[in-house]
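*Asks:* Sequence order for the protein chains is Z and H.
Residue numbering for the first sequence is 1 to 353, as defined by our numbering.
Residue numbering for the second sequence is 1001 to 1485, as defined by our numbering.
Since the hints were derived computationally from the structure, they do not count as laboratory data.
Every residue gets a Cβ at the ideal spot worked out from N, C-alpha and C, and that includes glycine.
Some hints could be false.
Stated by the list, open to error - To give an idea of the chain H side of the interface with chain Z (calculated C-beta under 8 Å), a few residues:
| hint | residue |
| --- | --- |
| 1 | Ala1126 |
| 2 | Leu1130 |
| 3 | Ile1134 |
| 4 | Gly1173 |
| 5 | Gln1174 |
| 6 | Leu1177 |
| 7 | Ala1191 |
| 8 | His1192 |
| 9 | Ile1249 |
| 10 | Met1329 |
| 11 | Ser1351 |
| 12 | Lys1440 |
| 13 | Ile1443 |
| 14 | Val1454 |
| 15 | Gln1456 |
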Amino acid sequence: MSKLKVILLAMAMGLCSIAQADYRFIVPQEPGNGTDIWARIVAREMEKKLGEKIIVENIPGANDVPGFNKFHNTLRKDPKVVMVAHGGNAESFLYQKVDYNYAEYDPIGLQNLTIMVGHRTDSDSYKMVTFPAASGTNPDVIAMTLLVCGPNKTMREYADCYRNHFKYVMGMTGNERKLSYIRGEVNSIRETPSAYFKNIQPIKENADWFNPGVLDIKTGNIVSDINFPNVFFIDVFKKKWGVTPAGDLYDSWMLVKNYRDVLQKALYVDKGNPNKDKLRKALADTLADPTSLAAIEKETGKYQWILGDDVLKAHAALEKLTTKKALKDLVWWVGVVLNQEAIYKDDIARKAH
Amino acid sequence: MSILLTYLPFVLAGTLYGFLFGLIPVAGAMTGLLTIYGFIEVFRSNPYTLVVFTTALVVSCSIGDLFASIVMNIPGGAGSAATMVDGFPMSKRGQAARALSAGIFSSVGQGLIWGILVFFFLPYYAPIVLSFAIPEMLCFLILAMTCVAFINSHYWFRGLLALAFGIFAGLIGQDPLNGMERFTGGWFYLAHGVQIVPVLAGFLAIPELLEALYLKAKHIPPPMNNFEQIKQGMKDAWRYRNDSVRGGIIGGVIGLLPGIGGSIVDWLAYGQTVALAKDDKIPFGEGNVRGVVGAEGAGMAQKATAYVPTVLFGVPAAPFEVIVMSLLMMVGIELGSVQLLTDMTFFHALSYGYMVSLAMTFVIALAFIKYASNITRIPLKYYFIPIIGVIIWSCVQYTGGWEDYVMLAICSILGMLFKYLKLSRACMIVGFVLAGRLEKTTIQFFTLYDWAAVFQRPISLTLILLTAVAIIYGIFFNKSKINYT
C-alpha cells in the first residue's frame, strides 16, 4: 500500500502543478517545436516579474490552426489565458479558412523575427533547387524563386520557371529537413536564427545564405537583419541580377513574408482583458532585465520586441501591404503553383483600403 | 557529480514504480509507461529526468515481470510468458526462490552485457544515421512493417490485416501534399489525426487489465530455505550460462529489428533452450530451471537493443518504445533528431538510468524474493482502479471534451475485438505509428529519386533483400503460433 501512496502522490504532484497555475499560455503546436520552446522560455522569465505561475498548454492540430481557433472560440473569455501565436498562424490567416482574427485581441507584445534561407553551392544546384516544405516555408521558396528566376517577370513566367527549376519536397519534419540538407539530398533549407547557429554554422558547408530582412514598421520597408548583416536578400539579389527585386511576385512575397515574420512570435489576450496591463508590464519588466533578456536572446537571437499598443502599428504596417492584387496573386501562387489549400479572403484585403 | 545526484531520485522512483508494475499481473512496462502521461508535468523542468525515469521503469519492470509469472502463473508482461512454463511448476514444488533467483541472475547478467554494448557505445553509432538517406529510410520502414507482420507469428495474414488497419488509422487527419482533411468523416476532432495515447491505452493496456479481472492467481507455498535457494538459483544461472547467453543473443538481435517487440523473444529463446538440451532429469514444462534461465536471458537484452533503432532513427523497435518516444516528445526530446545525436547529456541520462536501475533492481528483486508468495494475496482492487483511473485521465487531456472519452471507448472496443479475433495488436500499433512516416518518406522518395535508386545503393538493397527473406520465412517457415497480440 505504501507504494500505491507513492504513485498517488506523484499523480497529485502533476495535478497540483496544473491546479496552482494562474496563467495559461496556449501554444498551437506540439511540445518541442520552435514556438513551444520560445513560449516556455518567455513564460519562465515572465513568471519572475508577474509573481504568478504560468503554465504552457499545447493544443496542436492541422497547420497549427485548431489551437488558435480554440482560443478564439472559447478560451479567450478566461482572463488568464494568453495566446502564443506564430508565423504559420499568420500565413494561415492570409489564405486559409480560420476562425481567429487578430483585430479582436489586445496584444501583449511580439518579437519581430525572421528566417534564414540557405542554398548549397557545391554543385550545379541552381539548375534544380530542392527545397523541403514545412509550415511557414512558402515565403522562403518564393524568395528563392525570385533569386533563381530573376527580375521583371509575370506571375505565369515565374510559375513556369518555378516548375522547371524547383522540387518542393513535402512532408519533412524539421529533423528530416536538417538531415537531408546535411546529407546533400536537398540543396536548400530555411532555419530560424537559433537553429542556424546551432545546426548549420558548425558544419561549415559551401552555401549561400541570405536573411530576408526585417520589416521596419515605421517605414513599411524591409531592412537587413542585424544578426546576419552581410547577406541581406535585397543585396544578394542586386548582386546577382544588377537590379533590386520588384514586380507582382515580389509584392506577394513581401505580403506573406512580413505577415509570417512580424507575427512570428506574438502574445495576445482577448480585447478588454482585465489582466492586459499587468501582463504588458510583466513582459516589459522581463525585457528590461538583462539576465532575462539574455536568456531569451540566447534562443532567438537579437530581435526587436514590439510591446503593447505599438503592436497595433505593426498590424497597420502589414495591412498596408495587403493590397487586393498582392493577396490574389499570393493565393494563386499557393493554390495553383504550390498546389496547396488557399482561398482568397476579400475582407482582409478590403480592410487595408 | 551533481548531475548524478539530480538523477538519483528519479532512477530510484522509476525503479520502484516499474518494479511495482512488473509485479502486477499482465500490466507490464507499457501500462506503467502509459500512466506517466498522468503526471508528466513533474518532468517538464528537466526533460532528462524523464529519460532516466522511463529507462529505469523499463528495466525494473522487465525483471519485476518474473514474479507474477513464476509465483502466480500469470505473465507479468508480454515478454515473460515463457518463464511460466517451468517457473511455476518449480514454485509448486516449493522452489519459487530458486526459480526467481535463477531468472534474476540470468536476466541481469544479459542485461549488463547488452546494456554495455548498447548504451556506452550508442553515441558512436550515430554516424550510421548519416548513411540512412531517404531510400534507406523507406526500405527500413518497409522492413519494419514486414518483420512485425511476418516474423511475429505464423499467422501472417492476420498480421497483414492488422497492419493495414493500423496504417489506415495512422493516415486519418491531414494529407501531407495539400493540407486537406481526409478520412475524418467530417469530424473535426480527427483533423490532426487519431491521438496516440487513446490508441495505446485502448489497444494495449485496457484489454489486458480487463482480462486480469478474470484471471485467478494460484497460491503457492511460501518458499523455505530462502537463502539456500537464492544461492542455488545463482549457481543454476552460472551452470546454464550458455542457455542464458544464447537467449541474450536472440533477444539482442530481435531487439534491433524495428517493430518486432518483446513478446516473441522469450519464446524463441525458450524454444532454442529446449531444442538444444539433452537428457535432462527434469523434463521441460515440469520445472526445469534451464527453461527459466534460457527464457530470461532474452528479455533484458531485447529491451536494451530496442533503444538502438528508436534513438538513432526514431523508429520504435517495440510497442513500449512507442510510448517512450511519445512521452519524450511531450517534454521536447525528439528521438532520431540531429540535435539529439550530439546531445551527450541525453546519452548520459540514458546509460545512467539503465545501469543504475539494473543494479538497484537486482538488489530489490533479490530482497523481494522472501515476500514473493504474498503478492498472490493482494486483492485486485488495490491496483486495478488506480491504474484504470490514471490511464483514462491521460487519454482525456487532448481536448478535455467528450470526444476524448468517445475516442478512448472506440479504441478500447477495437482493442478487445482485436484480442478476441486474435489479430495482432503489435502489427496494428506499428502500422499506426509508422503510417504517416511511410507515406511522407514515399512522397519524398519519388520527388527526389526513382525506383532504381533502391537497387543501386548497398544499404537499401540489403534492406530490401532482408524484407524478401522475412516474407519467405513468414509464409513458408515460421511455425510460431504462440503470439497473436
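*Asks:* Hints first: check each against the structure and report whether it holds.
*Replies:* Hint-by-hint comparison with the structure:
Annotation: alanine 1126/H was flagged as interfacial toward chain Z, and the flag is violated, the nearest CB pair being 11 Å apart, outside 8 Å. A cut of 8 Å between beta carbons decides the hint on leucine 1130/H: the least distance to chain Z is about 6 Å, and the hint holds. Proximity of isoleucine 1134/H to chain Z holds as hinted, the smallest CB-CB distance being about 6 Å (cut-off 8 Å). Interface restraint check for glycine 1173/H: the shortest CB-CB distance to chain Z comes to about 7 Å, inside 8 Å, so the restraint holds.
For glutamine 1174/H, the suggested interface contact is upheld, since its CB lies about 5 Å from the closest CB of chain Z, less than 8 Å. A least Cβ separation of about 5 Å between leucine 1177/H and chain Z falls short of the 8 Å threshold, and the interface hint therefore holds. At a threshold of 8 Å, the smallest CB-CB gap from alanine 1191/H to chain Z is about 5 Å, leaving the interface hint in force. Checking histidine 1192/H against chain Z by beta carbon gives a least distance of about 4 Å; that is within 8 Å, so the hint holds.
Interface hint status for isoleucine 1249/H: violated, as the beta-carbon distance to the closest one in chain Z is roughly 31 Å, over 8 Å. Given the 8 Å rule on beta carbons, the hint for methionine 1329/H holds: about 6 Å separates it from the nearest Cβ of chain Z. The closest approach between the C-beta of serine 1351/H and any C-beta of chain Z is roughly 22 Å, which is over the 8 Å cut-off, so the hint fails. Residue-level restraint check for lysine 1440/H holds (minimum Cβ-Cβ distance to chain Z is 3 Å; threshold 8 Å).
Interface restraint check: isoleucine 1443/H against chain Z, minimum CB-CB distance 5 Å, threshold 8 Å, status holds. For the restraint placing valine 1454/H at the interface with chain Z, the shortest Cβ-Cβ distance is roughly 14 Å, beyond the 8 Å limit, so the hint is violated. Nearest Cβ of chain Z to the Cβ of glutamine 1456/H: about 15 Å, over the 8 Å cut. The hint is violated.
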